[in-house]
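Undergrad: Here is what each chain is made of, one letter per residue.
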Amino acid sequence: MVAGAWMGLAVKTDGAAIASGQITDSLIRAKALAEAGINYNPDWIMGAATTVKVFIDIFIGVWAFLLAVIWCSVIESKPGERIRAGEIWERFPKFVLGYVFTFAIILYVGVSYPALLGKAKTATGEGNVFRGLFFLMTFLTIGMVSNFRRLWEEGIGKLAAVYLLCLFGFIIWIGLLISWLFFAGLKPPVM
Amino acid sequence: MPEEPRLAEEMRKMEEEEFLPIEKKLVTWSIVLGILLLGVFLWISRTYFAVGH
Chain D
1 MVAGAWMGLA VKTDGAAIAS GQITDSLIRA KALAEAGINY NPDWIMGAAT TVKVFIDIFI
61 GVWAFLLAVI WCSVIESKPG ERIRAGEIWE RFPKFVLGYV FTFAIILYVG VSYPALLGKA
121 KTATGEGNVF RGLFFLMTFL TIGMVSNFRR LWEEGIGKLA AVYLLCLFGF IIWIGLLISW
181 LFFAGLKPPV M
Chain G
1 MPEEPRLAEE MRKMEEEEFL PIEKKLVTWS IVLGILLLGV FLWISRTYFA VGH
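As they're listed, the protein sequences go chains D and G.
Residue numbering for the first sequence follows this note's numbering, beginning at 1 and increasing consecutively.
Residue numbering for the second sequence follows this note's numbering, beginning at 1 and increasing consecutively.
No lab work stands behind these hints: they were computed from the structure.
From a predicted model like this one, the values you see are computed outputs, not experimental measurements.
Take the hints with a grain of salt, since some may be wrong.
[As the list claims (entries may be wrong)] SDA-like, lysine to any residue: derived pairs with alpha carbons at most 20 angstroms apart:
hint, chain 1, residue 1, chain 2, residue 2
1, D, Lys-94, D, Val-54
2, G, Lys-24, D, Lys-121
3, G, Lys-24, D, Cys-72
4, D, Lys-12, D, Phe-95
5, D, Lys-187, G, Phe-49
6, D, Lys-12, D, Asp-57
7, G, Lys-24, D, Trp-152
8, D, Lys-158, G, Glu-16
9, D, Lys-12, D, Met-1
10, G, Lys-24, D, Ile-70
11, D, Lys-187, D, Asn-39
12, D, Lys-121, D, Ile-106
13, G, Lys-24, D, Trp-63
14, G, Lys-25, D, Val-74
15, G, Lys-24, D, Glu-76
16, D, Lys-187, G, Ala-50
17, D, Lys-158, G, Arg-6
18, G, Lys-25, D, Leu-67
19, G, Lys-24, D, Leu-66
20, G, Lys-24, D, Trp-71
21, D, Lys-121, D, Asp-43
22, D, Lys-158, G, Ala-50
23, G, Lys-24, D, Asp-57
24, D, Lys-187, G, Thr-47
25, D, Lys-94, D, Ala-64
26, G, Lys-13, D, Leu-151
27, D, Lys-187, D, Leu-176
28, G, Lys-25, D, Trp-63
29, G, Lys-13, D, Glu-153
30, D, Lys-158, G, Glu-15
31, D, Lys-187, D, Ile-70
32, D, Lys-187, D, Asn-41
33, D, Lys-158, G, Arg-12
34, G, Lys-13, D, Trp-152
35, D, Lys-187, G, Arg-46
36, G, Lys-25, D, Glu-76
37, D, Lys-121, D, Gly-110
38, G, Lys-25, D, Lys-158
39, G, Lys-25, D, Ser-73
40, D, Lys-158, G, Glu-10
Chain G extracted, bound-state conformation (with noise of 0.2 angstroms):
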């Protein structure tokens, strides 16, 4: 019966990696458009479901 992957010694295994460089624009971009929807959504919020505010 094989034995059972240890979750440390999988670790200990793994080789650091550098960020590509799609998957820093990845991140740079998902930051953006969440900064830009949160605009949105606070504008639609605001201006047509305007209760408490």
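Chain D on its own, in the form it takes in the complex (with noise of 0.2 angstroms):
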């Protein structure tokens, strides 16, 4: 489960997040079965990656609206001018509330309707195909419109190698000290 919640926590995009977490999902529960003989559930690591995604989302969406709001009504607030509620409407991204609704509403289902989650069950994981269906689609359509030698003429090169030197130096450590702090010891349930 920490590889897990660090892939979610490491890697920068949701659908690359979660397709990290697939393949370390895999890997995992091979080499258990291979090693141990151990026959971890599927998709639990997947789950942590997937969680902790998601939660960096909805986070991120909270903390860039609070942001916004002390930024404009205390650090460059003009005398006389007042934020239009509809303008921080207007500026928050909406994919967020997406997510925390959905999550609300299956929790309310799963916790109120014992008897639902089966269905839930049954729902989510006919959901994983159209998953599965819109990662391909995603990673086809980034490779098939990147032209990646306009973006090294560009100058791309050294916004990548800026990005790789934090990516290495700082964010996978730091990622994998959080994920190991909340995730040691769990593993997922045995078949």
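Both chains are sitting in their own frames, so use the hints and assemble them into the complex.
TA: In structure tokens:
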């Protein structure tokens, strides 16, 4: 579970993080089965990556919103000028609300009507087909529209070098520390 | 038709900007808040959801 949460923390985009979680899930389960004969339930490690990533997305929205409010109302406030509520709403990343509502609805259904858990799991399983399909399309389209020669000419190499330095110098190690602090000792249930 | 802006040229045109004092304060407080919240969430996790610890 540490490895799954680590993927969620260290890999930048949602699709890539969840795909990394899926790969980690498959590798760890295959190794545990081959070497120790332990057959862990599938998708728990990937679930850790997804959950961590979704919570990051939700809180990026919340923090960005708070920061924007503080910035406009305290730091760069002009006398007599007030922020319109509509302005905040226009700038708010609405996809975050989709995550929050879906999570809240499924949690409410799961807790209030335990008898529906089986159906909810089946529905999630059906949804997984689309998840796989859309991942495939995401990476296919990224590959198709990326013009790496043009990006290189534009000086993106320097930006990529800075990003790689930050990633391997700090981000993945901080991610590993945080996921270890929260998930150390947790393992998926055995089938 | 206006020419498409090129990232390399735009980056060359950018002037170096010093951090504003308020930005330095913001970075410092963000790190402090991050460390504090990490401690708080870790305590909540280990106290109320002590699975595997």
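Undergrad: Each hint should be assessed against the structure and marked as holding or not.
TA: So, going through the hints one by one against the coordinates:
A threshold of 20 angstroms between alpha carbons decides the hint, and for D:Lys-94 with D:Val-54 the separation of about 14 angstroms falls inside it, so the pair holds. Restraint check for G:Lys-24 and D:Lys-121: the C-alpha separation of about 47 angstroms exceeds 20 angstroms, so the hint is violated. A hinted pair counts as satisfied when its Cα atoms are at most 20 angstroms apart, and G:Lys-24 with D:Cys-72 qualifies at roughly 17 angstroms. Taking the CA atoms of D:Lys-12 and D:Phe-95, the gap is about 17 angstroms. The hint holds against a cut of 20 angstroms.
The suggested pairing of D:Lys-187 with G:Phe-49 holds, with an alpha-carbon distance near 14 angstroms, which does not exceed 20 angstroms. Annotation: proposed proximity of D:Lys-12 to D:Asp-57 holds, straight-line Cα distance about 11 angstroms (limit 20 angstroms). At most 20 angstroms may separate the alpha-carbon atoms for a hinted pair to count; G:Lys-24 and D:Trp-152 exceed this at roughly 32 angstroms. Among the hinted pairs, D:Lys-158 with G:Glu-16 is consistent with the structure: their alpha-carbon atoms are about 16 angstroms apart, no more than 20 angstroms.
At roughly 19 angstroms between alpha-carbon atoms, D:Lys-12 and D:Met-1 fall within 20 angstroms of each other, so this suggested pair holds. Only pairs whose Cα atoms come within 20 angstroms are accepted, and G:Lys-24 paired with D:Ile-70 is accepted, the gap being roughly 15 angstroms. As the CA atoms of D:Lys-187 and D:Asn-39 are separated by approximately 11 angstroms, the hinted pair is consistent with the 20 angstroms bound. Taking the CA atoms of D:Lys-121 and D:Ile-106, the gap is about 10 angstroms. The hint holds against a cut of 20 angstroms.
At roughly 18 angstroms between alpha-carbon atoms, G:Lys-24 and D:Trp-63 fall within 20 angstroms of each other, so this suggested pair holds. For the given pair, G:Lys-25 sits about 14 angstroms from D:Val-74 by alpha-carbon distance, which is consistent with the 20 angstroms threshold. Between G:Lys-24 and D:Glu-76, the direct Cα distance comes to roughly 15 angstroms. Compliance with the 20 angstroms bound is thereby established for this hinted pair. Of the pairs offered as hints, the one joining D:Lys-187 and G:Ala-50 holds, with about 13 angstroms between alpha carbons and a cut-off of 20 angstroms not exceeded.
Between D:Lys-158 and G:Arg-6 the CA atoms are separated by roughly 15 angstroms; this keeps the pair inside 20 angstroms, and the hint holds. A C-alpha spacing of about 13 angstroms is found between G:Lys-25 and D:Leu-67, which places the hinted pair at or below 20 angstroms, so the restraint holds. Restraint check for G:Lys-24 and D:Leu-66: satisfied, since their Cα atoms lie roughly 18 angstroms apart, inside the 20 angstroms limit. A distance of roughly 14 angstroms separates the Cα atoms of G:Lys-24 and D:Trp-71; the hinted pair therefore holds under the 20 angstroms criterion.
Taking the CA atoms of D:Lys-121 and D:Asp-43, the gap is near 12 angstroms; set against the 20 angstroms cutoff, the hint holds. Distance restraint check for D:Lys-158 and G:Ala-50: the Cα-Cα separation of roughly 44 angstroms exceeds the 20 angstroms cut-off, and the hinted pair is therefore not satisfied. For the suggested pair G:Lys-24 and D:Asp-57, the alpha carbons sit about 25 angstroms apart, so the restraint of at most 20 angstroms is broken. Taking the CA atoms of D:Lys-187 and G:Thr-47, the gap is near 19 angstroms; set against the 20 angstroms cutoff, the hint holds.
A distance of roughly 12 angstroms separates the Cα atoms of D:Lys-94 and D:Ala-64; the hinted pair therefore holds under the 20 angstroms criterion. At most 20 angstroms may separate the alpha-carbon atoms for a hinted pair to count; G:Lys-13 and D:Leu-151 meet this at roughly 18 angstroms. Proposed proximity of D:Lys-187 and D:Leu-176 is supported: the alpha carbons are some 16 angstroms apart, at most 20 angstroms. Pair hint G:Lys-25 plus D:Trp-63 holds up; C-alpha atoms about 16 angstroms apart against a cutoff of 20 angstroms.
Between G:Lys-13 and D:Glu-153, the direct Cα distance comes to roughly 16 angstroms. Compliance with the 20 angstroms bound is thereby established for this hinted pair. Between D:Lys-158 and G:Glu-15 the alpha-carbon distance is near 17 angstroms, which keeps this suggested pair within the 20 angstroms criterion. Of the pairs offered as hints, the one joining D:Lys-187 and D:Ile-70 is violated, with about 41 angstroms between alpha carbons and a cut-off of 20 angstroms exceeded. Proposed proximity of D:Lys-187 and D:Asn-41 is supported: the alpha carbons are some 10 angstroms apart, at most 20 angstroms.
Between D:Lys-158 and G:Arg-12 the alpha-carbon distance is near 13 angstroms, which keeps this suggested pair within the 20 angstroms criterion. For the suggested pair G:Lys-13 and D:Trp-152, the alpha carbons sit about 18 angstroms apart, so the restraint of at most 20 angstroms is met. Between D:Lys-187 and G:Arg-46, the direct Cα distance comes to roughly 16 angstroms. Compliance with the 20 angstroms bound is thereby established for this hinted pair. For the proposed pair G:Lys-25 and D:Glu-76, the alpha carbon gap of about 15 angstroms is at most 20 angstroms, so the pair holds.
At roughly 10 angstroms between alpha-carbon atoms, D:Lys-121 and D:Gly-110 fall within 20 angstroms of each other, so this suggested pair holds. With a C-alpha separation of about 28 angstroms, the suggested pairing of G:Lys-25 with D:Lys-158 is violated against the 20 angstroms cut-off. A C-alpha spacing of about 17 angstroms is found between G:Lys-25 and D:Ser-73, which places the hinted pair at or below 20 angstroms, so the restraint holds. With a C-alpha separation of about 14 angstroms, the suggested pairing of D:Lys-158 with G:Glu-10 holds against the 20 angstroms cut-off.
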